Amino acid sequence: MKKKLVANILITFILLLVFASSSAAKSMPLKEHQSGRARAPKTVSSSELVEKNRFFNGKTVWYQGEVIGDIMVRRNLAWLTVNDDAYSRQASKIKLKGYNSGLSVTVPKRLSQQIKFVGNYKQRGDIVLIKALFHNACPQHNGVLMLHGQSLKVIKRGFALKHPISPLKLRLASFSFLLFILAAVVYYLKTPALKRRWFSVFSR
Amino acid sequence: MIKPKVTDLKIVGFYSGKVIFGAGLLMLLPAFVSLLSREWDILLGFITGFFLSLSIGLLLQAFCRVNAELRWLHGLVITAFSWLLALVILPVPFYLSGQFGSYLDAMFDVMSGLTTTGLYLLQDLDHASNGINMWRHLLSYAGGQGIIVIALTFLVKGTSGAFMMYVAEGKEEQLMPNVVKTARAIWLISLVYLGVGVLFLFFAFYFIGMQPLRSFLHALWIFMGAWSTGGFAPQSNNFVYYNSLIVELIAGIIMIIGSLNFALHWWVWQNDKKEIYRNLEARTFTITLLAALFLTAFGLARLGVYKGVLPLFSKAIFQIASAHTTTGFQSIFARQFVRQWGAWTTLIVTVAMALGGSAASTAGGFKALRVGLTFKTILFELRRLAAPESAVIVERFHHLRKRVLSEKHVRSTLIIVFFYLIIYFSGSLIGLAYGYPFTQALFESVSAGSNSGLSVGITSPFMPLGLKLSFIIFMWLGRLEFIAFFALIGFMLGLFKRK
Numbered sequence: 001m002k003k004k005l006v007a008n009i010l011i012t013f014i015l016l017l018v019f020a021s022s023s024a025a026k027s028m029p030l031k032e033h034q035s036g037r038a039r040a041p042k043t044v045s046s047s048e049l050v051e052k053n054r055f056f057n058g059k060t061v062w063y064q065g066e067v068i069g070d071i072m073v074r075r076n077l078a079w080l081t082v083n084d085d086a087y088s089r090q091a092s093k094i095k096l097k098g099y100n101s102g103l104s105v106t107v108p109k110r111l112s113q114q115i116k117f118v119g120n121y122k123q124r125g126d127i128v129l130i131k132a133l134f135h136n137a138c139p140q141h142n143g144v145l146m147l148h149g150q151s152l153k154v155i156k157r158g159f160a161l162k163h164p165i166s167p168l169k170l171r172l173a174s175f176s177f178l179l180f181i182l183a184a185v186v187y188y189l190k191t192p193a194l195k196r197r198w199f200s201v202f203s204r
Numbered sequence: 205m206i207k208p209k210v211t212d213l214k215i216v217g218f219y220s221g222k223v224i225f226g227a228g229l230l231m232l233l234p235a236f237v238s239l240l241s242r243e244w245d246i247l248l249g250f251i252t253g254f255f256l257s258l259s260i261g262l263l264l265q266a267f268c269r270v271n272a273e274l275r276w277l278h279g280l281v282i283t284a285f286s287w288l289l290a291l292v293i294l295p296v297p298f299y300l301s302g303q304f305g306s307y308l309d310a311m312f313d314v315m316s317g318l319t320t321t322g323l324y325l326l327q328d329l330d331h332a333s334n335g336i337n338m339w340r341h342l343l344s345y346a347g348g349q350g351i352i353v354i355a356l357t358f359l360v361k362g363t364s365g366a367f368m369m370y371v372a373e374g375k376e377e378q379l380m381p382n383v384v385k386t387a388r389a390i391w392l393i394s395l396v397y398l399g400v401g402v403l404f405l406f407f408a409f410y411f412i413g414m415q416p417l418r419s420f421l422h423a424l425w426i427f428m429g430a431w432s433t434g435g436f437a438p439q440s441n442n443f444v445y446y447n448s449l450i451v452e453l454i455a456g457i458i459m460i461i462g463s464l465n466f467a468l469h470w471w472v473w474q475n476d477k478k479e480i481y482r483n484l485e486a487r488t489f490t491i492t493l494l495a496a497l498f499l500t501a502f503g504l505a506r507l508g509v510y511k512g513v514l515p516l517f518s519k520a521i522f523q524i525a526s527a528h529t530t531t532g533f534q535s536i537f538a539r540q541f542v543r544q545w546g547a548w549t550t551l552i553v554t555v556a557m558a559l560g561g562s563a564a565s566t567a568g569g570f571k572a573l574r575v576g577l578t579f580k581t582i583l584f585e586l587r588r589l590a591a592p593e594s595a596v597i598v599e600r601f602h603h604l605r606k607r608v609l610s611e612k613h614v615r616s617t618l619i620i621v622f623f624y625l626i627i628y629f630s631g632s633l634i635g636l637a638y639g640y641p642f643t644q645a646l647f648e649s650v651s652a653g654s655n656s657g658l659s660v661g662i663t664s665p666f667m668p669l670g671l672k673l674s675f676i677i678f679m680w681l682g683r684l685e686f687i688a689f690f691a692l693i694g695f696m697l698g699l700f701k702r703k
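Chains as they are written, first to last, in our numbering: chain A, 1 to 204; chain B, 205 to 703.
Chain B with its partners taken away, still in its complex shape:
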């Protein structure tokens, strides 16, 4: 562990200032919505938050300006530290809206939004303003691409350290040779889908009987929630509010597309459409999704919850897609998991959340690529055991190009999966210690750690303080995939080192 110098601290401060400045600019959109909706009281909250973020961003840049190169370790620490700063500053409009029991609750919702989790502690959502709803969904949408990606798009040079900032936010794939161009490509992909998705959803909402303006706002918010696999919804009954197969179908497709690797999107757009069939990650995701769907449908059929094939499959498909993509939309009430779906089905939903979507996407969980590589590793070991000692066994996989399974792949995969398991189970134990049944505590803990946002009813404004804090940490760890967190801890411990 190296003792950080003043220059290192200044670099971290300077770039974190840029990230906070960029994140503060996001408040302009909900402020504009509040202005149009004549929500003056809410608008004041956004003005306060906006100027506060910009001020802190400017002051950090002013006092930490330094002529030194951004290195890899800086990139990791900047990402982790920027997220912490964002967690402190961005809840201002939430808290001033008066719909949160405490500032910690507002911080919980910011972390949930930025990590695209979708659990929330906002109270009386059904009487929330358009501005606050816009802010919730924008946090999800921006968080899905990554707040670092926002800064990289406009404010930061594309150095190796900048690439590490990008990697530290849970994305490894470079779509373009330059990290800044990669960040812009991610925004291009997201904005193109935004246009198309909002159009489809607008017609769907209008078709099911909503007024044009409400249809547009709900289309925008539901798209942001689905694409970012965030799971925030503008009404407390989530998708039960709409009671529409067509809305569930469109949102389901957006969730699945959103959970695919940005590199896969880019590859299919630019080069080879067949990649989607060959890609290990896409294949693994399809297999596990179908397996989870089959097992859920089996469980529900055995319990006889739904009469008829259509209700059974539509509910099972939507909930499993929502869980596996780590979106968190619910077309059933939270307590129905416990009271109607039974232990088996709830367990399958929990496993689907734990597995998660794709790497370098907006989704959380282990990620399909790691699940695929774990299976490949098991296959490789079985083949090695069965083959003669002199045989050379090579395991290949296809991810954008043909690759040979190496020890490095296996090691990094298993380490990350191991850390995810640690947060899933430690969250369950904390829940258990607070008196919740183990299966329910496991469900909620996996939901927070995998950034899913489905709930069986444990998450609420009145849940114990310890659970709120641990869920905030698990959401953060799950989103950053641990490396940046360890870098920040190492950096901070280094500050107290004598030499």
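In isolation and in its complexed conformation, chain A is listed as follows:
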């Protein structure tokens, strides 16, 4: 009886141990993930900053997005526009997701030198993570709603965007050219001989 009890306790203990170790093994990456998350800053979006501008005014925030357009260096500061819209999160080909959204950010000139790609028609801009002080009406910069960047890190390098020539567009362009030739012939034939002269389409 005693033996049976000891055996049961042992089995239960072993089962508990197995269960505990398996759940510990399962939770290990989660723990790492969670601790990784805890280390990674929680970013705010541009729309949150605009909508709750009074709440965030004067607070230090983390902001992430794609550098767009131009890096405008003025004395020791660089002015950037950083978009955190759906396009900044797309991997390669751009799909339509509505308007862009982003904010103006100033960073010390030396920090802006890390940026190699700015977003435009031909390329996707660098994705940057910025720690910045938010102002809903910056007294230093003429009342602009903006971020004063304190640190900047490029977390994903931009790249060239490909715009291959679409065969459909090529066919449409050819078709419209042929239509134009046809229209020009019809116009010539229907125009009275007296008015028929080179570039008569400009005659009043």
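Keep in mind the hints are simulated off the structure, nothing from the lab.
Straight-line distance between alpha carbons at most 30 Å, and here's what the computed DSS-like set of lysine-lysine pairs gives:
| no. | chain 1 | residue 1 | chain 2 | residue 2 |
| --- | --- | --- | --- | --- |
| 1 | B | Lys-672 | A | Lys-169 |
| 2 | A | Lys-59 | B | Lys-511 |
| 3 | B | Lys-672 | A | Lys-97 |
| 4 | A | Lys-153 | A | Lys-59 |
| 5 | B | Lys-214 | A | Lys-190 |
| 6 | A | Lys-52 | B | Lys-511 |
| 7 | B | Lys-672 | A | Lys-52 |
| 8 | A | Lys-190 | B | Lys-207 |
| 9 | B | Lys-672 | A | Lys-95 |
| 10 | B | Lys-209 | A | Lys-190 |
| 11 | B | Lys-511 | A | Lys-131 |
| 12 | B | Lys-606 | B | Lys-580 |
| 13 | A | Lys-109 | B | Lys-511 |
If you want the ones that stay clear, here's a sample from chain A, every Cβ over 10 Å from chain B, calculated:
| no. | residue |
| --- | --- |
| 14 | Pro-41 |
| 15 | Ser-45 |
| 16 | Lys-59 |
| 17 | Thr-60 |
| 18 | Ala-91 |
| 19 | Arg-110 |
| 20 | Gln-113 |
| 21 | Arg-157 |
Quantities reported herein were computed from a predicted structural model and do not represent experimental measurements.
From the three backbone atoms N, C-alpha and C, an ideal C-beta is built for every residue, glycine too.
With chain A held as given, fit chain B onto it using these hints.
Just chain B now, kept in the frame of chain A:
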């Protein structure tokens, strides 16, 4: 209502063909920009649009050629119909760029450009090509002078019917005795300012840290947007993108000059510089602009949004100038109107948009001359009531010359103002029906109807279809000032008349 004959239809078709041919030629410039920028995919869109416009223009001229005189009613109908044709054909390069959710969205942007409104549904503007940006701004610039003015400059004889085509596009003043010469004078004024304005803006953009080529392109586009009081900007953050007082100052001056009557420009250039101080329209515009500015600054100061006088006034001046000239440039984010500027200030901006710039300019809204005449009428009535019955009261005003306020002036002014009020409020009601707050719906509706282009965030590619359609119609009506629209409706109803 007279039943139109085949000859009438042919006249409308023939001249509309000329207008579409002229509008199609405009695509050469953005096509050239695409070529230089090596945007081959975009270039194909312009080639398609160019040949399509020219083909339709030629076919209309070929099949509608008729030996008959262009009359006043034809002029009105041609203008309204040409705008509709342009609305269908000119969006081709936009749509083929792949940056629009639908063909209707591309049509929305064409109407917004041609009417110099500045609201847009193009998606991912920050990754748009140089060619597409050139096309947007060129539509604004050409639309500011008028697509009919383009046709009159090169393609149409200066008859009384041609003058009516010109009038139907929202311009009444003749700068020269002949309407064709008037159209050329309008282009001369616009091109001279283009040269000077682009030069100033180029140095400003270069000074704030942009590369020379980007500075030139942005200078050209921002000039076109400001002069035509259009409001399109090459970046989605509009003027927030530049964060520069000097750029805002130069653009502000161009907006105000662009919103002045072309006849006033011509008069000051040719004859009398003192006209600008005596002119009722210029005076009214100055008074209402200053009043709106004062009330806005008061509202912002009360809310304590901006710390310091310079930020407060620079933001207030730019936004009020942008609203009152019906340009639509924004140095704040759209949602800041709602979240930061408060109801009072937003209402003042709405009223400024509703009042608008000058008649026979690139601006929209009631127009300062009509606002001035409305005040003169009220003054006249008060004086008449206070005077003895036998007294003869005469109210005078100065607009290029001394004029006596007549019943005709009062009637035409009040009718147009009444129709503007109708589109402003019906747009608000439609917005309200779709669930938007009334003040925001009113703001957006006035913005579309007055061809301003400021937004509180309602206009977007995802807004309801009914709103998109109604805004397209309101932009069109606001630009043509109703008469041409009614003429077209009358003409079309006449087609179904039995006798």
